[in-house]
Structure formats: C-alpha cells, structure tokens
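Visitor: The primary structure of each chain is shown beneath.
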Amino acid sequence: MADCGIGRKAAVLAVLLVLAAAASLAYGSTDIDLASALRGEGPDGIILFSIRLPRTAAAVLSGMALAAAGVLIQTATGNDLASPNIIGMNSGAGFAVLLFLSFFPELFSLLPIAAFAGGIAAAAAVFLISSLTGGRTGRSSSLILAGIAVNALFNALISTLSSLDPDVMGSYSAFSIGGFASVRGSQLAVPGAIIIASSAAALLFSDVMDAIMLGDELASSFGYRPGHIRAMLAALAALLASSAVSFSGLLGFVGLVTPHIASHLSGGGSRRTLVLSLLLGPLLVLLSDLLARTAVRPSELPAGVFMAMLGVPFFIFLLIRRARR
Amino acid sequence: MIAVAGLSIRTGSRFLLEDISLDLEEGHIYALLGDNGSGKTTFIRSLTSYFHSYSGSILYDGRELRTFSRKERKTLHSLLPQLLPSPDLTVRRLLSMADGAAEKLCSFGLERIMDSRVPALSGGERQMVFLALALMRSARLYAFDEPEASLDQRFRGKTEAEIRKLRDEGRTVIVSFHDISRALSVADDIIVLSGGSLAAFQSRDAFLSERTAEKLFGLSRAQYIGEDGREGIIFIE
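Residue numbers (our numbering), protein chains in the order written: chain U, 1 to 325; chain F, 326 to 562.
Incorrect hints may have been included.
Far from chain F by the CB rule (all over 10 angstroms, computed), these chain U residues [as the list claims (entries may be wrong)]:
hint, residue
1, Leu13
2, Ala57
3, Met169
4, Ala181
5, Met213
6, Gly215
7, Ser221
8, Arg225
9, Gly267
10, Gly268
11, Val305
12, Met309
13, Arg321
Pairwise CB distance ranges (calculated) [claimed, not checked]:
hint, chain 1, residue 1, chain 2, residue 2, range
14, U, Ala23, F, Ser421, 52 to 62 angstroms
15, F, Ser506, U, Ala11, 55 to 65 angstroms
16, F, Asp513, U, Phe317, 37 to 47 angstroms
17, U, Ala124, F, Gly434, 49 to 59 angstroms
18, U, Leu153, F, Ser463, 46 to 56 angstroms
19, F, Met439, U, Arg321, 16 to 26 angstroms
20, U, Leu153, F, Gly434, 47 to 57 angstroms
21, U, Leu38, F, Thr400, 51 to 61 angstroms
22, U, Ile148, F, Ser534, 53 to 63 angstroms
23, F, Lys396, U, Ala23, 24 to 34 angstroms
24, U, Leu204, F, Ser506, 46 to 56 angstroms
Calculated from the structure, these hints are not laboratory results.
We put the CB at the ideal spot given by N, CA and C, even for glycine.
If we strip away everything but chain F, and leave its shape as in the complex, we get:
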C-alpha cells in the first residue's frame, strides 16, 4: 500500500499540492481527474521521486519514499510522463532499459519501428514506445500521466487493456485523464484534484451515485445504450 499523508509541494510561496492524504491499494486502478493546473502531474511526479523535498509523507509499505536508495527507487515506481522526451536513441536501445519491453511493443503491432530513432517517431508511436517501457518495468506503482492524449481509438483500447492487466496482476495503478468518460470506463476509484487540493476521493460507483462530476465540474450526464445493448454514461457540458 502507498499511504500519502499531509503531502504538500510548493515552489516559493505557491502551493502546487496542499495537504493531500489518501491511500492507494494494490489491485486498484485510480483515475486522477482535475482541470488544467489542478496538480495532477505534480501529484504523479511526487509519487515517482521527482521532488526530493516535500512536506508530509509518502509511505511505500510503511517506508518513507525519500529514504529509499537509488537502486530501490528504480523498482518502486514506473512512470509514463505526459510530456515525452525525444532522446537520440533507437527504439531498441530505449526499450532495452526494461526486460520484455521490446516484445511488448511488438505485441502492439509496432515491430516496424524497432530500429527507428525516437526523434523520428510520430506522436502516437512515441507514446506507445514509452508505454511499453513503463509497462515492463517491475515496480510497485505504475503511474500514467494522460497516456491517451495523442492516441487514436485502436491504441487507446490497447492502452486500457494493458492498464487493466496490471491491476489484475495485483499492481497499484494511477492514471490521469482529461476525459471523465474514459476515466470511468477504466478506473475502480476516482481522485479529483482542484487547485492542488483533494476535492474528491471515492469509488467509481460512489462518484456516479453522488453525482460528483456534476457538482465539481458542472457537467451534465447523458446516458446511452449502444447498438450492442450496453449502457454507458457520457458527461457533456
């Protein structure tokens, strides 16, 4: 379990995160929602050792994050950042940083880009390359910062399937989303940040039954029945 208590991050006098407390359990997918600038990326960064000074605590199985050694941190958290780097490496070399990542990329049907250099990839291809790397690192927490932003429908489906697979293997997964409907289709629990503070932390069902999206984001709910008979919910302005 990852226990966050009283976590605050600030630059100068401005709080990026303020007094966040929540527990993340194994075998759960947590969706992270919030407007631009609400602190989603900062929260994901703080869980993945980006900040070495923070107030409050981040406990991985009872041990403070900043007390882990470099080697230990490497297997603590795996990250897919929102802004992807463009290192001058071949895809093969990049993916050699995690065992099985090359095979994972092939399983996405992208073996043709294996010998390309990362800067030459399209946005979606690069997203899938870094997803493969993040998926195949061994870690306790898997954090994906807006993994679907530059993906088409097919790769979104593959991404979500992989995220569910991690959960089914008993890992802790946190994923930030822009789109509430996508978040609800994947997540077990919903975390909403607003202005750096925790606005809501509840199960998917409670999020829906308590009409949290309507209250926090001022959205309206639309229910639909697909051609296959499945019911779904989308949120509209």
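So that you can see chain U by itself, here it is in the shape it has in the complex:
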C-alpha cells in the first residue's frame, strides 16, 4: 500500500512547493504591485528581485540541504533521532560566528564563511573522535557520543564568549534562531552550488544507503566497508548543513523532522525518502518563512520560530502514531 503512488506524492509535493515559492515571492511584510514589479520597475521591482527572490531561493536551498543532511545522518548513524546538530554542526557554526562577531565586527559580510568553517571544523572533530573510539568498523553510537561531547564543548565556549562580550549577543541570537531576513543573492552562489551538487551526490548514493541500513555484517558481505560509508555519508551531510547554516543560521529542526515525514510518506527506501525530503524540506522552510513574514505584519518573526511551531506538533503526532503501530 505504502509503495504505490510514490510518483504522485512527489508530484503533489512539487506542485505545493512551486505554489509556496510563488506565494513567497508575491506576499511579504509589504504589499507590492506584482505587474510592475515583474517589469522590474520602481521599489516594487527591487523588493521582488533583490529581497524576495534571494530570500525564496535561500529558503528552498536551506530546506533541501538540511533535509538531505538529516536523511544522510540518520542513515549513517542508524539512529532516527540524529540530525545535523548531532555532528556538532550548529554549535561549531555558532561558536565561529560569535568568535567572528567579537573580534572582527566590521567584517560582517564574511560571517557566512565563518559559519561554514566552524560547522565543518566541528564535524571534522566529531569524525576524528569517533574514528578513534569506534574501533575498526566505525560503530554508529561512537559518532553520536562524539557529537554530544563536541557540542558540549562548543556550547561552553559560546557561553564564555557571550558572557565576556554581551554586545554580540544580539546578532548571535538572530543567527541562532535561524531565518532569511538579511539574505542577499550574492551570498547564495557558492553554498547553493555545493548544496545542489551534494544533493545530487546523495541521490547517487541511495543504493549504498540501503545497504548500510542492513547493518555492518550484511553490508560487509555485500562488499561494502561500512565504516568508510558512514564517514562518507556524514561528510556529505556536514557539507550540506554547513552550507545552509552559512546563510540561514541555525535552522536545525527541519533536518530532524523532514526525514521522518518523508519516510512515513515514502514507505521506506533511501532513494524515495531522499527525493521526498528534497521536496518537503524546502516546502516546510518556505511555509515557515512565509508565516514569519506575514503573521505579524509589518513586523517579522524569525522563520525558525514557525519551523518549530509547524514541525513539532507534526513530529509528535508521527511519534505517537509509530508507537501505536
């Protein structure tokens, strides 16, 4: 039953995604005249092309990246409670941003690079510790434990920096909630290219992901090296999540909840789950951002707030449903 109609589900999600993207372009904290905006005329044209278009693209890209990263991490660790945060991404990126704000406040435009570097560095530390403690087959629990340790360390460093320099807390708090209010088009080119390439790579690895889901013994008997595969999938996830964090801030929750909804819809299987996640993640982020912009017009809330408000109840619903099955 769950197997049939996967194409239809993907098509429905794709249509919803296009509609949400269109809505994200058309609506916002101010009303614009679409006809003149589309001709690129006046302030409405500037709002459409310089503000809403990059913002919409950013929401779509970060949704793709975090959702795909979630699927990859959950597969790599064999733990469906794992998300990009677990490999230290958020705390690493957060610490780097805070460090940068404290010491180079004038270089504000380089923040995305700091976030990316911090996320990758934290993930690398997690992999290193995990490979030292996981034995030769790279047990998945060692990755999670290493993640907890690295997260704790970076969170302590974040607290230290923010106590020493309370001025940076304002900028940091916007970053930590996550949102797209200040995204510019030029920020998106590099992370966008990484996200699209990494998502495509993840799709190519879906057979490998199915094999790793069979556990280390069976995956080995199929010729795979499970430890290498886990590291590769997690590295791909780190690349995706760091790219997203660099322009969207710590929008972590989508990476946890999207794979669950997607696997519920897909009936299992890495390729289907990944395809649906790549549609569902952007949809969830776009809707959250749209609500964030329009709910308290003309003021704005960060998208991360609505992400949690939309995602958490649904997530809890899925957990309860699964427990009863």
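Add chain F to chain U, keeping to what the hints say.
Guide: Using the frame of chain U, we list chain F on its own:
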C-alpha cells in the same frame, strides 16, 4: 575451495579467533558448533569480509580475501547474520537486492508479507525474509549464523531443505548451530570452536564414532527409533 590458514582475529589483547586452519570444499555443508563466546559468529564474519584486518590468510580459490575488489566481494560470500537488522524498507525493496529472492519468499508461502515494512515483521518472518535474500545471492560461500533460532518446526524444515539444495548445487555452505542434533541432521562435516580455537574438525561420521560431542561438551548420547522406524541420535545433558 576456501583455505583458512593461521587465522587470528583480535581486539586489543584479546583473541576472538586464534590460529584457525581448515579447508572448506565445494558441495559440503559445514556445521559450526561451540559454546557462547567460542567464536562462531566471529569466524563467520571473518569469512564474509567483516574484518579488514586479520592475521593469517583466507584464500578463496587461492586468492587472499582482502585483495578482492568491492564488486568481487559482493559475489564471493552470502550471509545470513544472527542478529538481523530492521531497516525501514519494504520486504519487496529489500528482496530486490538479489534476483529471485522475492519468488523464493513466495515459495515459503509468505507472499502476504511482500509489501510489509521490515520493522513490522515477526521474528520468524524476518528470519525467512533474510534467508530468502541470502539464498538467492550468487556467491561461492553461503554462511548462515544460527538460521533456526527464531523459527518454528515448519520453517526449520524449509530452511534445512534449502541448505541441502545449495550443497547439492555444489556450493560451499557453513551453518552455525546451537543444537548438536540439528547440526548432525544437516551437516556433512562438523567444526567445533572453543575459546576462539579450533577444537575439532571432522566428518559427521567421525564426529559420532569418535564421540567428540561427549568429549568436548560433556553430553550423553541417546538413541531413538521413530514411529516411522528411522533411527536417530539426540544429545542430552
């Protein structure tokens, strides 16, 4: 032929397997016996590429196991693990990993679970699904780690029939057992491990005539004649 020579596996200072040497021939069923912790699972894992570092050698037709490429390893060994995973896949998707595995599951009379997801299966159903997958992979060695543990009588019979069929097709089969009587009803040769070392490696007939079970496990033998007149042996404490 699979030639194991001086095989040792260790974690830290503890030997999981120590200096195992034996040859496994085509067209034979080898039963692997031993107490818990004797190294049965480790031995099966070592034959199916679970360990990439081991000392000694494991030669598949004269070539060292670790020198095979990933693609080659895939068709070298097929495994039914003792602890079965519970991947979030449908049975149909899982069985698509080996040609004919879905048909094999149907031949067990289990077509009704074809569209179920693996985590929703009962222990015995899951065992038969992974058995079907293991049986239909093309491989030189078929390794089954306690395939009967969670099965009822009917599926045990089907499992044993399939294992015999593989042997009759000329494959090498190794099966670990908890129950010596079951092992003797299936196997041509018996391998006994004890504390990671090879305690006995002999034909079924030699195992019985030399009273190896009595010596190694301290068991007593009971002979019976079934209602159909067939003679059998069971081992009792």
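Visitor: Given a hinted range of 52 to 62 angstroms, is it respected by the beta-carbon distance of Ala23/U and Ser421/F?
Guide: violated (39 angstroms)
Visitor: At 10 angstroms, judged by beta carbons, does Gly215/U keep clear of chain F as stated?
Guide: violated (4 angstroms)
Visitor: For the pair Ile148/U and Ser534/F, does the Cβ-Cβ distance stay inside 53 to 63 angstroms?
Guide: Holds - the Cβ-Cβ distance for Ile148/U and Ser534/F, about 58 angstroms, lies within 53 to 63 angstroms.
Visitor: Please confirm whether Met213/U is truly not at the interface, meaning its C-beta sits more than 10 angstroms away from all C-beta atoms of chain F.
Guide: violated (4 angstroms)
Visitor: Just double-check Ser221/U for me: nearest Cβ-Cβ distance to chain F has to come out over 10 angstroms.
Guide: The assertion about Ser221/U is violated, with a minimum of 4 angstroms to chain F.
Visitor: Quick one: work out the minimum CB distance from Gly267/U to chain F and report holds if it exceeds 10 angstroms, violated otherwise.
Guide: Given that some Cβ of chain F is not farther than 10 angstroms from that of Gly267/U, nearest at about 6 angstroms, it is violated.
Visitor: Grab the minimum beta-carbon distance between Arg321/U and chain F and tell me whether it stays above 10 angstroms.
Guide: Per Cβ check, Arg321/U is outside 10 angstroms of chain F; nearest 13 angstroms; holds.
Visitor: Taking the Cβ atom of Leu38/U and the Cβ atom of Thr400/F, is their distance within the range 51 to 61 angstroms?
Guide: With a Cβ separation near 58 angstroms, Leu38/U and Thr400/F satisfy 51 to 61 angstroms, so the hint holds.
Visitor: Going by Cβ atoms, does Val305/U stay more than 10 angstroms from chain F at every point?
Guide: It holds; Val305/U is separated from chain F by about 30 angstroms at its closest Cβ, greater than 10 angstroms.
Visitor: Holds or violated: 46 to 56 angstroms for the Cβ distance of Leu153/U and Ser463/F?
Guide: holds (49 angstroms)
Visitor: Given the range 47 to 57 angstroms, decide if the beta-carbon distance of Leu153/U to Gly434/F lies inside it.
Guide: holds (56 angstroms)
Visitor: Does 46 to 56 angstroms hold as the CB distance between Leu204/U and Ser506/F, or does it fail?
Guide: Taking Cβ atoms as reference, Leu204/U and Ser506/F lie about 49 angstroms apart, which means the hint holds.
In summary, the numbered hints that this structure violates are 5, 6, 7, 8, 9, 10, 14, 16, 23.
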